[in-house]
Each structure stands twice: as C-alpha cells, then as structure tokens.
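Turn these sequences into a full structure, and let the hints steer you where they fit.
There are 2 protein chains.
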Amino acid sequence: MAEPPIEFYFDFSSPYAYLASTRIDQLAARHGRKVAWRPMMLGAAFKLTGARPLLHIPLKDVYLARDLPRMARLLGVPYRAPEPSRFPLRALAASRAYLWLEATDPALAKRLAQAVFHGYWVDGLDLGEAAAVAEVAAPLGVAPAALLAAIEDPAIKQQLKDQTETAIQRGVFGAPFIFVDGEPFWGADRLEQVELWLARGGW
Amino acid sequence: MAEPPIEFYFDFSSPYAYLASTRIDQLAARHGRKVAWRPMMLGAAFKLTGARPLLHIPLKDVYLARDLPRMARLLGVPYRAPEPSRFPLRALAASRAYLWLEATDPALAKRLAQAVFHGYWVDGLDLGEAAAVAEVAAPLGVAPAALLAAIEDPAIKQQLKDQTETAIQRGVFGAPFIFVDGEPFWGADRLEQVELWLARGGW
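The listed protein sequences derive, respectively, from chains X and Z. Residue numbers for the first sequence, in our numbering: 1 to 203. Residue numbers for the second sequence, in our numbering: 1 to 203.
Be aware that one or more of the hints could be misleading.
Any copy, or any two copies together, can satisfy a pair, since identical chains are not distinguished.
Unchecked claim - Straight line, CA to CA, 20 Å or less: simulated SDA-like cross-link-like pairs of lysine to any residue:
#1 47 with 62
#2 47 with 161
#3 47 with 57
#4 47 with 63
#5 34 with 114
#6 157 with 169
#7 161 with 59
#8 34 with 5
#9 47 with 58
#10 110 with 77
#11 157 with 43
#12 110 with 146
#13 161 with 44
Honestly, the hints are just simulated from the structure, not real lab data. Treat the numbers as computed from the prediction; the structure is a model and nothing was measured.
Following this line, the structure appears as structure tokens:
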C-alpha cells in the first residue's frame with residue numbers, strides 16, 4: 001500500500017511558502033513520497049494568533065528583506081520582493097482556482113500553484129484579482145471562462161473555507177506548514193528536519 | 001589580527017536561545033572564531049514589533065510544545081518546558097549578573113549564562129529573583145553578596161539598557177539573534193546557515 005502523501009499547507013502570500021514550494025516535491029520524492037498541496041487562507045489563522053503579515057512588522061521587515069533573498073540565493077531560486085502596495089496578496093482567487101483544478105487534475109493544479117507563486121514572488125504580478133489568475137493559468141491550457149466561473153462557485157468557496165478551518169483545527173498558524181505522517185513542521189527552515197524525519201522515521 | 005567575535009544576542013527567557021546556546025561556541029570554534037554573548041531584554045523589542053512571549057500564543061503554543069523537545073532531542077540536549085506560572089522568565093537579574101561578571105571574567109560570565117539557561121530550561125528553577133540567580137552562581141565561585149550588589153548597581157542597570165537599545169538599533173527583534181561579521185541571522189534554525197556563512201564567507 002502506498003504511504004500517504006506529505007501535506008504542504010501554504011498561502012500564496014507567504015514568501016517562505018514560495019521558497020519551500022520550490023523544494024518540497026523533490027525532497028519528498030527522494031524518500032519515495034508524494035506531496036498534497038493544500039492552499040489555505042492564513043489570515044483566518046492570524047486572527048487567532050494576533051500575527052500580522054510578515055513584511056509589515058517593524059524591525060522584522062528589515063531582517064526579512066535580507067533573509068529572504070539570502071535564502072533564495074542559497075536554494076538557487078529566484079526571488080523578488082513584491083511592491084509594498086501589492087503585499088499581502090489576497091490569495092482567495094488563486095486558492096479557489098487551485099481547488100477547482102485539483103478535483104480533476106492534481107498535477108495541473110500544482111502547475112498552476114507554481115505559476116502563481118512564481119508570478120507573484122518573482123515576476124511581481126498583481127495576482128489578487130481573478131482575471132489576473134486566469135491570465136497566468138491560460139498558458140497551462142486552462143480556459144479563462146471556466147476558471148472565472150469556478151472562482152465564483154459557492155461549492156469551491158465553501159471548500160476553501162473548510163480546508164482553512166481544518167488546517168486551523170490541526171494547528172496550522174503559519175506557512176509553510178508541513179505534516180509528515182501527522183508530525184507538524186512549520187517554516188521553510190524546517191525542510192532539513194522534514195527530510196531527516198522522512199529518512200529516519202522520526203527521532 | 002584575530003577576527004572579531006560572532007555576536008550572540010539572547011534573552012534567557014527564549015527557549016530557542018537556550019537551544020542555540022548549547023551549540024554556538026562549538027560551531028564558531030570549528031571556524032576558528034569566538035563568540036561574544038550579549039544578553040538583552042527582548043520585551044523592549046517586542047514593544048516595537050507587537051510580538052508576545054512565544055509560549056503564550058494560541059495555536060503556536062501547541063506547536064512549540066512539540067517543536068522544542070523535538071529539536072532538543074535532535075541536538076541531543078535536555079529540555080523541559082517551564083511551569084506556565086514561571087514563563088516568561090523576568091531575566092533582568094540574570095542579565096545584569098552576566099554583564100557584571102563579563103567586565104572582569106568573560107569566561108565566568110558565560111558559565112553563569114549556561115547555568116542560568118540550564119537552571120531555567122532544564123531544572124525548572126524560578127530564576128526571576130536576584131537571590132535565585134545568586135544561588136545558581138555560587139557553585140561557580142561567585143560571592144552572593146557581590147552579585148546581589150552588582151544587580152542593584154545603577155551602572156550595570158544602565159549597561160543592560162544600553163545593550164538592549166543597541167541591539168534594537170541593529171535590528172534585533174527576537175532570540176537568538178546572531179551577527180557574523182555584521183550579517184544578521186535570527187533563530188536557532190539558522191545555525192546551519194551561520195555555519196555555512198562562516199565556511200564560505202557568505203554567498
């Protein structure tokens with residue numbers, strides 16, 4: 001029997017989730033595992049924890065402006081901070097589009113997620129509006145009209161709410177948040193531990 | 001000419017600073033470097049960032065109760081969460097004692113810091129009061145009366161205020177916070193990057 005997938009909770013608005021998204025599938029594959037990507041609305045968790053969007057916190061903002069490109073260089077992936085007016089990304093449309101695609105074609109959904117992450121965190125696109133998400137999805141073969149309709153579909157809206165609620169009930173309060181056989185790991189800086197956990201089966 | 005020391009800013013109340021404190025000197029020594037330990041009052045930075053003591057944040061508290069012992073096991077060091085009534089540690093007395101000893105015997109100051117970290121994060125001692133710090137310091141050969149006097153010394157009090165202010169001006173907002181030749185690294189989960197930075201001289 002195949003082992004259950006690693007779960008990768010993220011919000012497109014999280015720069016560390018973007019960084020982790022460039023590594024998580026390859027990391028899991030080294031241990032014969034797949035990854036289920038799970039978009040969620042981090043803002044709902046922030047209401048409980050009192051957290052604020054990372055790049056808006058005094059002192060921390062200055063550090064992150066150094067840490068994020070530094071970590072991106074270390075990982076060998078591109079990174080560009082968004083225009084201040086475009087942060088945080090309101091990721092509702094992109095997250096709903098992901099869930100809609102996932103139901104019929106999980107691989108395509110993941111390609112969309114990667115395109116959204118890259119569009120926002122590298123190309124500096126404003127992806128808060130459904131039309132912009134449709135534009136990013138079109139080159140992947142996703143019909144814009146169908147995507148725009150899905151984003152307004154009450155069932156999809158509810159699914160994202162439910163997935164966010166489930167995430168919070170499972171203790172997710174930040175992104176990326178990764179579960180390996182139920183074991184929670186928070187942050188791009190836990191990827192080494194995730195890999196060790198997979199290699200050793202815990203410690 | 002000897003290279004300048006790595007700077008290790010910490011608050012005794014930070015569990016991740018405790019974990020990092022068990023590794024930082026050995027890590028630096030592998031690269032021929034020394035470490036200057038710099039206690040500070042993290043609460044002053046928290047006033048600017050709006051952060052709250054880690055173990056008091058909903059959702060995050062549950063995660064930390066899992067992450068901290070897990071990381072301690074990985075590092076092979078003991079860890080025990082303090083009684084809720086004893087967290088956060090009011091680290092004024094211990095921090096002042098450190099500065100007082102450092103002026104004449106930096107190695108002894110570091111041994112005191114290690115004893116305070118261990119006393120609080122392993123033995124569960126309540127080290128918020130000066131008398132309790134004096135008790136922990138006595139086996140190291142520190143005369144209790146002299147330590148208690150130093151903790152009330154206006155010059156020492158001012159020195160801790162100044163060191164905290166300097167830390168904040170340099171962008172310190174959490175602990176541990178490590179500077180390697182001016183390059184800032186926040187968190188026990190940046191120790192691998194600190195080591196890489198030392199090995200490669202940056203990237």
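Hints and how they fare:
{"no.": "1", "hint": "47 with 62", "verdict": "between (24 Å within a copy, 16 Å between copies)"}
{"no.": "2", "hint": "47 with 161", "verdict": "within (14 Å within a copy, 33 Å between copies)"}
{"no.": "3", "hint": "47 with 57", "verdict": "both (16 Å within a copy, 11 Å between copies)"}
{"no.": "4", "hint": "47 with 63", "verdict": "between (24 Å within a copy, 17 Å between copies)"}
{"no.": "5", "hint": "34 with 114", "verdict": "within (16 Å within a copy, 43 Å between copies)"}
{"no.": "6", "hint": "157 with 169", "verdict": "within (19 Å within a copy, 45 Å between copies)"}
{"no.": "7", "hint": "161 with 59", "verdict": "between (32 Å within a copy, 18 Å between copies)"}
{"no.": "8", "hint": "34 with 5", "verdict": "within (5 Å within a copy, 44 Å between copies)"}
{"no.": "9", "hint": "47 with 58", "verdict": "both (19 Å within a copy, 10 Å between copies)"}
{"no.": "10", "hint": "110 with 77", "verdict": "within (18 Å within a copy, 39 Å between copies)"}
{"no.": "11", "hint": "157 with 43", "verdict": "within (15 Å within a copy, 41 Å between copies)"}
{"no.": "12", "hint": "110 with 146", "verdict": "within (18 Å within a copy, 64 Å between copies)"}
{"no.": "13", "hint": "161 with 44", "verdict": "within (9 Å within a copy, 37 Å between copies)"}
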